[in-house]
Every structure is written in C-alpha cells, then in structure tokens.
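Trainee: What follows is each chain in one-letter form.
Protein chains: 2
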Amino acid sequence: MNDKINPIRPTDNDARAIAAALLREARVASLGTVDPDTQGPAVSRIVVAHYGAGRVVTMISDLSLHTKALDKDPRCSLLIGEAGKGDPLAHPRMTVIANAVRLPPDAKADEEFAGRFLALHPKTRLYFGFTDFSFWRFDIVRVDLNGGFGKAYRLEPADLAQA
Amino acid sequence: MNDKINPIRPTDNDARAIAAALLREARVASLGTVDPDTQGPAVSRIVVAHYGAGRVVTMISDLSLHTKALDKDPRCSLLIGEAGKGDPLAHPRMTVIANAVRLPPDAKADEEFAGRFLALHPKTRLYFGFTDFSFWRFDIVRVDLNGGFGKAYRLEPADLAQA
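Residue numbers (my numbering), protein chains in the order written: chain A, 1 to 163; chain B, 1001 to 1163.
In case anyone wonders, no lab produced these hints; they're calculated from the structure.
Incorrect hints may have been included.
[To be verified] Chain B side only, calculated, beta carbon under 7 Å to chain A, not exhaustive: (1) 1041; (2) 1063; (3) 1088; (4) 1092; (5) 1156.
C-beta: ideal position from N, C-alpha, C; glycine also.
With the hints as constraints, model all of the structure from the sequences given.
Mentor: Written as structure tokens, this is what we have:
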C-alpha cells in the first residue's frame, strides 16, 4: 500500500548529527537476532558502549539465547535511543542493521578497551570475570533514523564517522 | 559453548505472574521484523496495548518500514519491559516471539476496541484518522522471560492466559 509515497528524507547534516548523538549516548539497546527455532526475529536487551567512529560493542554471555543466535547467524539489529518521558514515539531513535563479530578473549585483557566498557557499565564488573562472557562488536550495515513523527532518514556507515 | 548448561528454569507461578504484569503494563515495545533487504532482523519502536488474555495490539502506518516488513513476513518479536533506572539489566523484560496479523479496517470503527487504544495512547489521536494507519494483533508463539540476572524462563501462550 502507498508504495508510491517514499517517506525517507534526503540525508543531511542534521540527520547525521542526531544519529551521532544517539550512538555516543547509547548505554542500552534492543538487540534483534535470528531466532534459531523460528528463523524469525527475537528481541532482547543488552548494554552497549560506543568507542567512536560508529564502533558499538557489547559484552554478553554464551549462556544467553541472543549469543547462541549470533553464533549461528551474525545478522542482527540494534534499536538505539530510549523512549524517555511522554509520548514514546516523539523521541529520536534509530534502527541499526549490523553484523555481530565475537571479539577474541584478549579483548577482556585489554585494560583500555575493557576499562572503558566497565566504567560505563559498572554493574557488569559482577560477571566480567566469568568465562562465558565475551565482547562482541557490531559492524554497521545501515541505519534507519527516526527523528520523530515524519522524520525518517536512511544513513550509511560513512554518515556515522563523525560520531 | 557451554551447551551442557541449561540456564532456563522450570516455569512456575512466579514467572507467570511476572510475565502477566509485564504484558498488562506494556505501553511501548521494541518490534523485531524481518528486514526485506537483508532478511535479517530490524528493530524499531512501537506503542502497544494489552487487551487481556495475552492479546497485544498496535497501530502502525503502512508508510513505515516495519509495516512493509510485516506485510511480507509476519514473523516478529516484541521486547516488553522497560529498562528503567539504574542497571538496565536488573529490570524484568521478556522476548515475545509472535506472528503479526493485520486487522481489518473496521477495527478502527469499533468504538470500544479503538477507544481503549486511544485512551492508553492519546497522542495517537493525531494520526488515528489517517488511512495509512491500521491496527495489528500479535499472536504469541513463545515468551522468553528474563526476570533479572540468572532468572530465565520459557513460557507458552497458555502461561499468559491469566494476564
């Protein structure tokens, strides 16, 4: 229906700035993975950290369903931007389409890298040392930004370089 | 890894009660759909309403990417339960695996049905009358409940009947 109407606006610097701010401020995300049972989507909550230049990282357990799903199929999505107060659809948010990459165990031994994550998410110190927890990186394929009602943009990874 | 460890606890009445409360209180959800471009997941934000007995409904626009995705593939997922204050992973939430069903236009003419949605989401009155907006129902296939660190349960639709 309405296939003739394209609500996606041309990408401009305002859109790039909103997306960059959402990435920089991201602490939590809704992670979509390919459910091994249905091959359809499954959405769960993770904590994330942004390391600059569009690089988003999480630390998740091999025991969790989303990690098992990512081990089978790296295609995933992150919803970034919290609902906040008032009308939940009035707040900017973005759908990140990505591929997840498991980082090698030495990422946990990298003091600067791990320290940044732990500083942002102090509660994760409780299980940081557990061997079933690993860092993962999300390689961004595409971003669908929704800056509020009627403000839709599609961004490429290069648009996030300033983030 | 760790395939021998099953962290899913047996479903009990406490788990059913937590899931029922999350459904009853749900106002916003992260919706996972099958992205038509990548066939992988795409996660976006929607407003939802619970109509009892595990029946969850939304109203979305045909112009939006998630609606176009659901028209092509009804498999979807809802993350229900907000991150709240403090540690975002300390708050109960659940991954709902579902199939989305577009409701006929007369759902918008059903005063009791539509009125309930509009009462819960007064801001949606702004575009309720737009012809590109339709109601959709989510038929629940399975629920993965996370009641907090280490409290994982898998529930069937029957477990939500009390909701």
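Trainee: Please go over all the hints and tell whether each is borne out by the structure.
Mentor: Each hint, compared with the structure:
no. : hint : verdict
1   : 1041 : holds, 3 Å
2   : 1063 : holds, 5 Å
3   : 1088 : holds, 4 Å
4   : 1092 : violated, 10 Å
5   : 1156 : violated, 13 Å
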